Amino acid sequence: MGTKEEKEVSRRDFMRKSAAGLAGLSLIGLSRESLFQGSQALAAAVAPPQLKLEKDSTIRVLRWSAFVKSDEEIWEANTRKWEQAFGGKVVTEYLSWEDVRSKAAMEASVGAGHDIVLGWFDDPHLYPNRLVDVTDVATYLGKKYGGWYPVCEKYGQDFKTKRWIAIPIGSAGLCINYRTSWVQEAGFEKMPDKIEGFIKCCKALKAKGHPTGFALGHAVGDANCWTHWWLWSFGGKAVMADGKTIAINSKETLQALDACKEFYESMIPGVASWLDPHNNKAFLAGQISVTANGNSIFYASMEKFPDIHKDLMTMNFPIGPVGRPAELSLFSQAFIFKHSRVPNAAKHYLQFMMEAPQYGEWESGTWGYVTQTLKSYYDLPAWKKDPRITPFRECMGRMLWNGYAGPLGPASAAAMSEYVVVDMFADVCVGGKSPKTAALDAEKKLKKFYK
Amino acid sequence: MRAHPWNSATMIREQEGTLKPAEPQGPLAKISQTLKAKGVMGLLFTAPANLILLLLLAYPFILGVWLSFTDTIIGRTGQFIGLRNYWELLSNEVFQLTTFNTLLYTLAAVFFKLVLGFALALVLNQEFKGKGLIRAIVLLPWIVPTALSTLVFWWVFDSQFSCISWILMKTGFLQAPIDFLGSPNNARASVIAVNVWRGIPFFTIGLMAGLQTINQSLYEAADIDGASGWAKFRKITLPLIMPLLAVITTFSIIWTFADFHLIWIMTRGGPANATHIYGTLSYQRAIPGGHLGEGAAISVFIFPVLLICVLITARYLRRED
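Each protein sequence line maps, in turn, to chains A and B.
All the letters of the first sequence, read from the start, carry residue numbers 0 to 450 under numbering that gives the first Met the number 0.
All the letters of the second sequence, read from the start, carry residue numbers 0 to 320 under numbering that gives the first Met the number 0.
Rather than coming from a laboratory, the hints here were simulated on the basis of the structure.
Where hints are given, some of them may not hold.
[What the hints assert, rightly or not] Taking lysine-lysine and the DSSO-like style, the derived pairs with C-alpha atoms no more than 30 Å apart in a straight line are:
| id | chain 1 | residue 1 | chain 2 | residue 2 |
| --- | --- | --- | --- | --- |
| 1 | A | LYS260 | A | LYS202 |
| 2 | A | LYS303 | B | LYS169 |
| 3 | B | LYS169 | A | LYS207 |
| 4 | B | LYS169 | A | LYS205 |
| 5 | A | LYS189 | A | LYS383 |
| 6 | A | LYS309 | A | LYS384 |
| 7 | A | LYS161 | A | LYS207 |
| 8 | A | LYS102 | A | LYS88 |
| 9 | B | LYS169 | A | LYS202 |
| 10 | A | LYS189 | A | LYS207 |
| 11 | A | LYS337 | A | LYS51 |
| 12 | A | LYS280 | B | LYS169 |
| 13 | A | LYS161 | A | LYS374 |
| 14 | A | LYS159 | A | LYS51 |
| 15 | A | LYS374 | A | LYS202 |
Fair warning: this is a prediction, and the values are worked out from it, not measured in the lab.
For reference, chain B alone in the conformation it holds in the complex (with noise of 0.2 Å):
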């Protein structure tokens, strides 16, 4: 391609020094360097977003970790008392159970969203009329607010009017209701499966966007191998899939660790703190509770876990790129 007449002539001009245009001066100009100079003008153009992040997320994040070392109390300055609130909380029986609760609801709630929401997207990468529609019904559940489909769903489990009971009881499969909220593990299965309808569809379009990467040929060619539909998908589809499986794995695993909404509104963490998590829990300590350092040390507890997805997200990331 051949250089433009102007350009090649300042660079003649420019290599020759002697017609190079004379430096600006004058304090316009300084500015006008500095920002020139390597970085500065990177850093002026992300200040904006730095300062947001800065003031929405480190400023909250430093102020509930400095809290959780603190005795405060609502309306009340709180004294410094070290790693007191965790040592508490660590011998709290409540505590224990929800750390229980918060492990098995996450660990239960993304297996089934994992194993489900792949099925579901290795079905959906299939040719076949209506495909589009389909595909964008099983985004719903994605897409409704979850206060909103929570609450659908604090209805299909009640003690008294769940459709559930009432289809089998008029089918003659059942006597009595139910009690899908009111015992411990019930009441654990019950919101974990509300979870799973919730999260599916971000696997399964998540995982559908990375299926149709894979190139056809490897199938083709395993195809006249004569590769099983087990063996394509064992050695050709999961390999291919895993960094993206692993990002969107860790991903809901932040989003359900720290849940909170499905929770409070189908049982604010009852039956006798069956359902509570950490969430739930440090918010009902902080708020209604009154003790903002502990409730804060409740949530702090969350981040090590936290922290863990996110390095390995991060892994992954730099993998794929």
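Chain A with its partners taken away, still in its complex shape (with noise of 0.2 Å):
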């Protein structure tokens, strides 16, 4: 390749072209303070890492489509803000979020694509040989803004090394979105807290003819999220922490599936072919009370139905026999790929785009739909624009990691590709499989790949 000019950003230098960029900034109607608001309070002094810029730095990035509209146009003004800044260029490829997994596997695979990829879940733990380290940059943005969720670290650092080989970007978390009047004319103040409460309300709207609808089809996102927490949430697990004792069959798996089983009474027929849309559908359309979702029931409910909007309440999922809140949410993260020609630069942009001015300014803009995966963001004036956003900022200290409580990797992503956990809870609820049946044949399923 010959010799590459790079030229090192000092924190001098930093702060200048910062300077610079934001003085273009106000040029084009966007105030210092507005961009700034509230992140001095959240971010701790901390020096960043001194990362030299590649020349003429072209950084082509993978991530997923939108889920909400305002998420790319505010993904992108941030992307520019550091073209400005900084002097490179971002090209952004925008592809449906199930697509980013495949795309960025046969990168890995192949050694060439883009250098940036924001994926999924395991996706970093398939390759974890092929990612740069961006320890520097998780361990500055950890200390400047109060220290990254422990899920976050699980997803973001290899397991054994214990190096960061991702930046976690945030989890599209999930809620329970359900109809308040609904709630109320079933004889309950609101929707309880504890599953026990919880399945005994979702009866009595079922009988009321206000059935529930939780996705039961190979629905990657929905249908691997809510199972997962009512596994987590009865004490039951797939793997051991060891990765290779295999714990689905057990007595708190078989108390799970029983309650699965008396909760899918409430249900609509015809969960078991949902696939991620069908809840969004079912609930806009009235036909449902109780769903568990991202914000974008919230989002597209305020836009185009003002009467169920009024009508919505978010809450936390409920806690389990288990005692405490165990989660599962879509989680994303980015790496880059060691094939990048311009890591630095990458690893800087990344950075850039996590820091308080611009994370803050995405997350208010998308109402919170990702949600924060630094502590210090809690705090982000976002989450009190509407108390149905609020529940959100606290799914990352809620949730648990895919595979729990094995380490990610290959085996946790096969699991979850061939929807273990949610086959064996459809086998029970709509296959007519006994728990114990259904047990023995999700075990004999993760032997498979837990080896």
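Using the hints, build the complex out of the two chains.
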């Protein structure tokens, strides 16, 4: 490649260029105050890592297409800010979120393609050796913004080496979405926050002609998330911490399955065929009273369904017999491939996007669709824009990681992609299998992946 | 026909061997002679096509087969493990269910496509007003991109918003919507129905072309002998169309057996793996699941069936020649 001219960005350069960039932004109508609103209070004085930006850096980014309209607009606007301030160029390709994994996997295999990928769940743990170490950026961000949530460390760090291989971007956090008036009609002031009461309320809702709706088909996001919450809330888990001992066939799992069968009685027929969009459609059509979802229902109802929007309420997932929150939500983290020719610029760009002025604006504009990974962002003004948004900021602190209690990696990715837990619940609720048989079947499937 | 004077002269001169032009010399001449050698020019002309086939078909295929003998996981180099992937798959319940689903999907869909497509071809082969328009309309399911038409069927078979359920409920035939994709057998029937809808035109148009080549005098002779419609179909139409029917059917088996996007869009293989076929399970295990070796092994299971189909097709094609 010859000698690559690189320029070191010293702290002084960084401040000077940031100032120049912000001056430019003021010309396009964004005040410095509005960008940094609240961010000073969130940030600690920490020196950023010394990154040598490659000359004429063009960063190619692959990320999931927006769930809510404003996401892409703000993400792009923040990206332009980085370009203006630091002279690089960022080309972002948006892809349906379910397709990012396959494309990133191929790029990892062939060693060519995008520099940065905003992937999901276990992605970086499938090919950790193909990824740039981002420990410096992650450490800096962690120190500056109150630390990472524990689950973010699980998702961001290589299980063995504990080095950071991905920057946790956020979670499309899931909450219980329900219709307030119907819950009251069923005799409850609000939705109970314990699973036992939750089941009672849901059955009462069904009796009043307002069934619930939770995906039990091969819905990558919704079905995986809520069934794992249910399993973990009863103390069940797929595998032990050693990542080898299969633990699904346990009395806790059987209790979870028994309770779920009772819960299923409250559901609208057809949930076994539901993919990710189904519960949104059914809720917005007024056909179901309760579901688990990100804030896209809030967002869509705000824009198009004012009556439902008024009646909508959100809350965190109820607590099960295990006595503590145990949730799963879609988790996105950004990673940089070693095949990138601009690894420093890529790191710098991600760092910039995670800084309070950018991240705060993104959170606010998307109404908290992507929940914060850094603890200081818990206090962002975005979370107080509407009381229905506020519960979403709790998601990250209540989450466990995919494949809990084992490590993230090929086995947890395979178990999720094969819908082992989802199908176990579907087998009992819809397929007529006994909980014991379903748990044994799931055990056999898991043994295949956890060797 | 009279020979051209110049050609005649040349022939005479060559026979006499006296006025033969001198053999050209030099490297260019040697190249020219090599090119004239039997087969060389042909090989050269087909080289680009062969190269493309080699790169785009043979290489991925061989790589896929190789991967199936390894434990490759995405992003990691795999080790050769012989037939372990295959043995493990054979005892894997999801794979066994997928094998059943694939066979059911293929046999049922191809059977209905054949029967309905043939029937439609016989109808459209008759003379009637607006024949051209109807034939064009029949082609529509085949022309519309599968992803698009499948999305429409995804809605048609929606558990809450199905237009079929809506009509039946409005007309009082049903009290609740049909759970098309939520129960295993309904889901299987639904995806087969969509595949049949999409594949009928291929049979219809293909067989119609064959029907039009049958000599009408055979039917006239049969009419004179007092043959019934069924007898004419059985003794004239069917035997004469059989080679074409076999070829079209084997093509259809190949496409149906190796289907992917229809299932992936409608059910993702659910509910509880009831609609997984080889293509979808292979993708699911290899890409989202990261187990490339095992995914490749699943897709290799498609190969023997396709090979048999190709051999049958080739046999019939040779017979037609």
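Quiz item: Which of the stated hints cannot be reconciled with the structure, identified by number in ascending sequence?
Solution: The structure conflicts with hints 7 and 15, although it agrees with all the remaining ones.
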